Each structure stands twice: as C-alpha cells, then as structure tokens.
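A.B. asks: Listed here are the chains, written in short residue letters.
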Amino acid sequence: MTVFCTLAGGGAPAITALQLNAGAIAPESAVLVALLACLLVDLAGEEAASRWVPPICYGGLGTALVLLALQWNAPLEPSFLGSFLADNLAIAFRGVVAASTLLSLLISWRYVERSGTPVGEYAAILLAATLGAMFLCGATDLVSIFISLETLSVSSYLLSGYMKRDARSGEAALKYLLVGSAAAAVFLYGASLLYGLTGGETSLEAVGVALQTSATPVTALALVFVLATVAFKIAAVPFHQWTPDVYEGSPTPVVAFLSVGSKAAGFALALRLLVGCFESFDAQWKVLFTVLAVLSMTLGNVVALAQTSMKRMLAYSSIGQAGFVMIGLVCGTEDGYAAMVLYMAAYLFMNLGAFACIILFSLRTGSDRISDYAGLYQKDPLITLGLSLCLLSLGGIPPMLGFFGKIYLFFAGWADQQYLLVVVGLITSVVSIYYYISVIKMMVVKEPQEASDVVKAYPEISWSLTGMQPLRAALVGCVLVTAIGGILSNPLFTWANSAVAGTPMLQHAIAASESAVAALG
Amino acid sequence: MLSALLLIPLVGALLLLVWPGDPESQRWRWATLALLGLQLFWSLAVLLRFDPAIGGAQLLEVAPWVGTLGLEYRLGVDGLSLPLVLINGVLSFVAVAVTAADTSRPRLYHALLLLISGAVNGAFLAQNTLLFFLFYELELIPLWLLIAIWGGRNRAYAATKFLIFTALSGMLILGAFFGLALATGSADFSFNPLLAQDVGLGVQLLLLGALLVGFGIKIPLVPFHTWLPDAHTEASTPVSVLLAGVLLKLGTYGLLRFCLGLFPEAWGVMAPWLAGWAALSVLFGSLAAIQQQDMKRMVAYSSVGHMGYVLLAAAAATPVSLQGALFQMISHGLISALLFLLVGVVYSATGTRDMNVLRGLLNPQRGLPLTGSLMVVGVMASAGIPGMAGFVAEFLVFRGSLVAFPLQTLLCMVGSGLTAVYFLLLVNRAFFGRLDTPPTTQQVVLPSIPLGHQIPAMALAVAILAIGLLPQGLGSLMERSSFALTLPPRVIAASLDSAISSATTTPAIRLEQG
Chain R
-19 MTVFCTLAGG GAPAITALQL NAGAIAPESA VLVALLACLL VDLAGEEAAS
31 RWVPPICYGG LGTALVLLAL QWNAPLEPSF LGSFLADNLA IAFRGVVAAS
81 TLLSLLISWR YVERSGTPVG EYAAILLAAT LGAMFLCGAT DLVSIFISLE
131 TLSVSSYLLS GYMKRDARSG EAALKYLLVG SAAAAVFLYG ASLLYGLTGG
181 ETSLEAVGVA LQTSATPVTA LALVFVLATV AFKIAAVPFH QWTPDVYEGS
231 PTPVVAFLSV GSKAAGFALA LRLLVGCFES FDAQWKVLFT VLAVLSMTLG
281 NVVALAQTSM KRMLAYSSIG QAGFVMIGLV CGTEDGYAAM VLYMAAYLFM
331 NLGAFACIIL FSLRTGSDRI SDYAGLYQKD PLITLGLSLC LLSLGGIPPM
381 LGFFGKIYLF FAGWADQQYL LVVVGLITSV VSIYYYISVI KMMVVKEPQE
431 ASDVVKAYPE ISWSLTGMQP LRAALVGCVL VTAIGGILSN PLFTWANSAV
481 AGTPMLQHAI AASESAVAAL G
Chain U
3 MLSALLLIPL VGALLLLVWP GDPESQRWRW ATLALLGLQL FWSLAVLLRF
53 DPAIGGAQLL EVAPWVGTLG LEYRLGVDGL SLPLVLINGV LSFVAVAVTA
103 ADTSRPRLYH ALLLLISGAV NGAFLAQNTL LFFLFYELEL IPLWLLIAIW
153 GGRNRAYAAT KFLIFTALSG MLILGAFFGL ALATGSADFS FNPLLAQDVG
203 LGVQLLLLGA LLVGFGIKIP LVPFHTWLPD AHTEASTPVS VLLAGVLLKL
253 GTYGLLRFCL GLFPEAWGVM APWLAGWAAL SVLFGSLAAI QQQDMKRMVA
303 YSSVGHMGYV LLAAAAATPV SLQGALFQMI SHGLISALLF LLVGVVYSAT
353 GTRDMNVLRG LLNPQRGLPL TGSLMVVGVM ASAGIPGMAG FVAEFLVFRG
403 SLVAFPLQTL LCMVGSGLTA VYFLLLVNRA FFGRLDTPPT TQQVVLPSIP
453 LGHQIPAMAL AVAILAIGLL PQGLGSLMER SSFALTLPPR VIAASLDSAI
503 SSATTTPAIR LEQG
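Protein sequence lines correspond, in order, to chains R and U.
First residue of the first sequence? That's -19 in our numbering, and the numbers climb one at a time after it.
First residue of the second sequence? That's 3 in our numbering, and the numbers climb one at a time after it.
Bear in mind the hints are in silico, worked out from the structure with no lab data behind them.
Accuracy of the hints is not assured; some may be wrong.
To give a feel for the contact side, a few chain R residues facing chain U, derived at Cβ under 10 Å [stated by the list, open to error]:
no.: 1; residue: Ser124
no.: 2; residue: Gln192
no.: 3; residue: Tyr357
no.: 4; residue: Phe390
no.: 5; residue: Trp394
no.: 6; residue: Ile417
no.: 7; residue: Val424
no.: 8; residue: Glu427
The following residues of chain U were derived to be distant from chain R, with all beta-carbon distances above 10 Å [what the hints assert, rightly or not]:
no.: 9; residue: Thr105
no.: 10; residue: Ala169
no.: 11; residue: Thr320
no.: 12; residue: Gly353
no.: 13; residue: Ser450
These figures come from a predicted structure and were not determined experimentally.
Idealized CB from N, CA, C, for every residue including glycine.
Turn these sequences into a full structure, and let the hints steer you where they fit.
C.D. replies: Structure representation (structure tokens):
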C-alpha cells in the first residue's frame, strides 16, 4: 500500500498532470495480495494450504474492509486517469461484496474440504471474483467496467463448475458460460456504440455528455444493450433463465456469493451506467426497469412457490428480491437510492445466514430437498432457528432486519408515486411469505413421527471437524444481525443515507429530477 | 410505565426460549403464568394511574426509532385502548391457565403465547401508525404456529388460510398508511385526523376502502370472514379464547382508531353503506350459526354476527353508539372467551362437539352440570338478556344507531334475536334432554371436571354479570375517548351547516361560525 501511496503522491504529478491516486484501490490491493498468497501457499501442498489459506483470506478481506471504512467520506478524486472513483456508493457496495466473500468463505471450508477439491485454488478464484466485483462497483470507464465485469464473470464460471465430479456442476458452468458470454458480447456491442457516439472517449462522464445531445435510434439501441447486461447480472426477469440452473448445480457456497456479492456489483453497475450516463434517457430506462421489476417480483415469487429444491427456491426468491431492490432504482430519489443500499446490506446478512443453514444441513445429511427438512426442530434446533429467522426476514416479517429494509423500499417507492411497483411489491410479499413459511412449517410444525427419513437418521451434532467452527461463527453472526439488526437499525439507515449523500453522481441525479418536478409543478 | 406492558411478555418470551432446561418440563407453564400475572398486575397499575378526565392519549412514552421512515416508538393509552389492554391481560392469563397440562412442546407454546400477548399490547398502545403495523404483523407468525402445531386434524389448512388472509390484510393496511402519511409529502405517521384534510375526497375514500377491507378481514366481516370458522374449529381452546377475545379486537380497534379516527370526512360519506354492510354481516353470521352442527363453529359464526354490531355503531358514530361499540368489544371478548372455554370442556369430556350426538349434558349426576349452567349464563349474555354485559352493549349500540340508521339498526336487531334462536338450539340439543338416549344402550358417565379447572370460566361469568349490573365504571373509563371520536362527524355537520347557511348569511358571519 505504501508503494502505491508514494506512486500517487510523488511520482504521478511529475509524469503527467492527471492524477493516478492509486490509494483509492488500496482495499482491492489487500484482496489481491491475499489472492497471490493463496496461490503461493497452494504450491506448498494440500496440507499447508488447508492450514494457511483461511487465515490469509480473513486477513486480506478484513484489511480490505478496514481500508474501505477509512475511505468513507474521504475527499473525492478520480483515480487512474478517471477510470475509477471511490465515492461513498462505491465504498458501500465494495463493502457488501467483500463482506459477502468473507462470509461465503467462512461457510465454504468444510464444503470444499469434503468435496476433495483443492482449497487454495478455490479461495484464489473466489478472491479473483471478489476483485472483479469490487472494481466493478467503482469503475467509471467503459474499458475498466468491461475488464472488471469479465474478471467477475470468468471467475464465476470457474466457481460454478468447481465440483468437477458432479455432472450438474458442469452443466451449470456451461450454461453460465454460454449465457454469460452472450451477455458480455452484447455489452461490448453497446459499449462500442457509446464509444462511437462520444467520438472516441471511454469515460462515463464523456458518454453522459455525448448522450445528452444525441437522441438517435443508435443511442436507444445502446441503452437496450447496456440494460440487458445489467439485467443479466442482477438476474431480472426475463434475463433470469440462467439463475435456477446455475444455482442448483453450483456448489452452495458459490451460490451464496453469486446471489449477494455478484448481485451487489450488478446493482452498482446499474447505478453507474443508468443514473450516471443515461440521464437524458431517464424516462425510457425507468419505464423499462419498471417492467423488469414487476416481472421479477411476480415471476420470481410465484415460481418459487412450486420448488422442491431448497437451492432452486432460494434462486427464485433471489430473483424476486432483486425485483424489490429495483423499486429503489426506479424511484431515483434520495430515499430510493438509500433504500437500495440498505436492502443490499440487509440482504447480505439474511441471505447468507439462510445459505449457512442449508450448507450445514446438506453437510450433515447430503440433502437439499425441502421435504427432507421435515421435523428438523427435534434434531437440530440451531439450523431450525437460524433458517426460520432468516427466511422470516426475507419475507419481511417484523422485527427482523428485512422488514425494515422492505418497508424502506416501499416507503421510498410510494413517496415517489410508483404506486404500481409498490402494490405489486406488497402483493408478492404475501406470496413470498407463503413459500418461506412452508419451509418453516416443514421444520417446526411437523411432529417427530412425520419427520423425513433423512432427519430420522440425523447424525450426532459435532463441531470438531475442520471448517465447522467458521461455519458456525458465520451462521450465528448472520442470524444475530438479522434478528437484532432490525430493532437497532437506525445507524444502518444513517449509513445508507450518508452513502447517497457522499456520492456526487447520485446527488446530481436527485437534483436534476427534483428540478424537473419543480418545473412541471 | 407502558413499556413494561411490552417488555414483560416479550422479554419473557425470549428468556423462555433460551433458558436452559428440560423443554418438556411443567416449569414453563408456571413461569408464563407468573409473567402474565405480573403483566395483568401492571395493567391494573396503569388503570390506577389513568385519568379518565383526559380525552387524548396519556402516560406517553416517546423515543426516536427510525427517523428516516417516520417510525417513532411512541406509546400512549386512552379510554379506547385501556380496556382492551386490560382484557388482553385477563384473557392471556386465562388462556395459559386453561392450557392442558400434557400439552406437547410446552416451552415453545408458552413463549408464543407471551409473544402474542406482548404484540397485542403493543398494537393497542402504539401512537404511530407504522408502529401499530409492526405489532400487528408481529402477532401473525406466533398465532400461525399456535394453530399449525397444536391444532386439530385439519390444522395445516386452517393455519395457512389464516396466514394468507391476515398477511393480505396487513399489506392493505400498510398501503393505506403509506397513502395517508405520504400524501402530504412528508413522512408523518402520527395519529392526526387533520392529515386527511389535505387529500382529496376520492383518495380518502380509496384509502379508507383499503383500510376497511384490511380490518374487515381481521374483524371479520362478511365476505372476508371465511378464515375464522376454520381457524376456530382447528385451534385448541386457549388459542380460540385468545383469537376471539383479543385478536379480533385488533380489527375493531383499527376500525375505530384508524378508519373512523383518521378519515372522518370519507367515513361520513360511506357511513350509510357501512351500516348496511354491518346489517348484512350480522344477519349472515346469525343465519350461518343456526345451520352449524359443530358447537365451536356455531360460536365462531356468532362472533361474525356480533362483530357486525361494532361496525354498525361505528358507522352511526354518535356518542352513545360509540360507547356501545366499546362495550360490545369488551363484552364480546369476555362472552366468546367463556363460550369457547365451555365448548372446550365439553369436547375434552365427551370427545365430540357435534350437536347431533350430544344430549343431556346438564344431567346432575353423570353429566357436566356446572359447565352446563355456565353455558346457559354465557348464552344468555350473548343473546343480550338484561343484567349481563351483552345487554348493556347491544342496548347502547342500538339506542345510539337507531337515530342515524333506523332500517339498518332494525335489521341488526333481528340478527340479535336470531342469536337467541341458535344458542337456544345449542342448549336445547346438547344440554337438555336425556343423557343416554337410544341408540346408546349402556349408561353414559362423563368424567367429572375438578372444580379448580372451572375457576377461569366462573371468573369470566362473574365479570360478565358484573359489567352487566354495574356498567358505570367501565363506561366512565371510556366516555371521554368515545366522545373524542364522535367529534369529527360533528365537524362535518358543522361544515355542512355553514355551507347551508353560507347561502343566506354574509361571509363575516360564516367566519365567526368557523
């Protein structure tokens, strides 16, 4: 880090008048160092790797989170000649990404160990995906966006195919690769159109300026292409078809990361591109996103009803949840953006808590079917309680964290008169309560004699195996934050609001939309 | 002071869940009884501190919570909420007291009962609509579990039906609260009837409609009532007691507090239709009750009918009728709790609730004489025989509403008469006659119920008589608050008057009137 600082402070002005400001990516550097260290340790053999990789990852990601906290509200200067910007929005989303990786790693050691695949490699690829996602959150240049997007995507393909012996994992990786590559190609085409419109500039700022003056069909085409990429990344209906298959086949800890970290990066990208660049097409993309949000909430939540596999159910529920978050995006008000940030942070804990529980269950029983959870309360109170609380939170039941997040989204939506979105959100929430509750019903309501065979043969609970302690720590931590975080959520609201307040791009958009309203009124 | 009413049951529930110890032990029951006893004692202490002369909310407790959302921790009590808090204290205690000793999973069961009791207190005491909604939703999952785990044979269906209906009602209510609070542009979720004035009448009617359907599901009013008979039939006796006695009151409380209290203008417009809806609900509930063969279903349908009176009284919104609405809420809470307790006793003694099978339960040697006598008391109270709580309530409701809506009130009185019909059918079939009629050949001997187990029912019967004979105490408690609720319609009347007089008088005089 010091090297970067001296480079930024001393060397840069001498070479050129533009600043490098490399200190902005200090958190990413920490992750990168951890990544390299993991690869190096992996060379020393399986045993050394399984011993040293976890502490290295904790160290790297922990340092990254601390450095991110130090960057909060720091004076803003574009770094790397304007291709990266560490505003509060970027910091908040990078924090969510780094935290989701940390938690995903905590819950994956045992899982990876058991599947017999190398730990060091796994951690390195996941850290590479994290690196891509974190860069994506702050990228302000078409080239850097594409590179970080591809870093994230390629690592994700590798991760979803990581269980080589499992045919479903291979299928997931192939599907993800094919659809993902198509999405990348579409994005590149859109980016090339934008590049042409600006007359040879790649920075988003230049693109935004160029778009304001050119309202041609080509611009609309570029908008559609960019929108498709974003929608693919956040798995909005109808760009969601890859999600259920990929989620079902991929290793569960990877799904945990994909559903939170990768999605958070996707939303950061959406804000940068749509709010930052396509300001002059405000009305158009908002209409498109309203349609996407309505479809996502409806289809995600309704199809989740019919699922029998836990992972598939959570996949469809994550589509629905992304639909709720899109309400905030469409609002374009201060509250809307803040609600997005807040809900992503809440989603991080409740979703990863739920994933920790289903990983623990599948480690103990090898099953992923919802019906196999029947009667679990007798054998494993921890999973039952943890999963129940996290699912209730996802369903928006008070006093869980998810209730406050969802209320804030609806509140922001209603205040911005997005009545259709809020009404659809309210109705689909009831639907979502139904399928979350049916899992709880399986676990809590079924009597011992109705228990599934898997639960009847439930193994003795033990935490002594390697990787079980971190799993327990992550599970308990997530569940505690989900359960208590709601009651003590005021600091979280303040944090989300200051994330929006410390982001010039969003402030500019809010001011613009307010003046538009004032002009109308 | 008021926070303790939330803290005692809610913290108690959490402690119960995490306290180490044998989950099957009987200790949980005694601990819960102690906690609920403390809660009841505390609500009596609140009653002592309460000053009936003050119209608005008192003993306020305010703390900031989530400022961005306009969610404030703001508790207060007035004449409308205090009796409901008291009845919640009493019936929660009764529910635990009548819980069978061999109930499975006692730790979870009692923790859930405590959660419900605390959430209901919170909903009655909340002085912020968002806070009310939070507590309203909080009670949903525990009650669902209570029906789904400890219910009858068809419990899964009934519990899910209850869950969907109530969740839907919650969403309607939330939408309406958002609509009202954000109509002015700022997030104001306080109980302020002036809020609605800035909204056009059309929007007001829309929001009021959403609230009416939302609370109509909870009360329940025809045609949103279908979850109730199922829930009651499948729920165990203590849960039925809580459901009928306390949880349905959340609906009528919301009707008075939010529908009437926050949208006085729109309410005035809709009142005749609401009274008609009330009459429909009363007649439908009573006629459906006549048809039932299952005793518990009959009592459940009688709830549908009797809750209709509250809507009638609220629609009329005269001082007397609102006083009657409050009386009806309290007396229905006590009477239906008593009836469900007794039906529960009959069911546990005979194994059936089918009125085609049951005969002669009043038999002094081999039957259930005390239960039967109490049942006669409960039935008389429910049918509105003078000297009982039901009479006072119904008399006030009809007396107050007759001036406003004569036809609808008369229809409701017919419904009240039908109450006597179906409850006479019940008593006549199940309790009178010979215990062992053919085809039974051998002598039926029902197990005798220990006197100790009858104490809760007897206490409720005494309370019903006490309110019927001495209604003044309760009345003076609620007088100011019910009077405060009637003010808004008067405002409308005044504005109507001024509108009429403006045609004839000069603007200067109109200003004086205003």
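A.B. asks: Hints first: check each against the structure and report whether it holds.
C.D. replies: Now for the hints, and whether the structure bears them out:
1. Ser124: violated, 33 Å
2. Gln192: Violated, about 29 Å.
3. Tyr357: holds, 8 Å
4. Phe390: At about 7 Å, which falls below the 10 Å cut-off, the nearest Cβ of chain U leaves the hint on Phe390 (chain R) intact, so it holds.
5. Trp394: holds, 4 Å
6. Ile417: Since the shortest Cβ distance to chain U is 6 Å, the answer is holds.
7. Val424: holds, 7 Å
8. Glu427: Hint holds; Glu427 (chain R) Cβ to chain U Cβ min 8 Å, cut 10 Å.
9. Thr105: holds, 13 Å
10. Ala169: Ala169 (chain U) is in fact no farther than 10 Å from some Cβ atom of chain R, at 5 Å.
11. Thr320: Thr320 (chain U) is indeed farther than 10 Å from all Cβ atoms of chain R, at 35 Å.
12. Gly353: holds, 21 Å
13. Ser450: Consistent with the label, Ser450 (chain U) stays out of reach of chain R, its closest Cβ about 31 Å off (over 10 Å).
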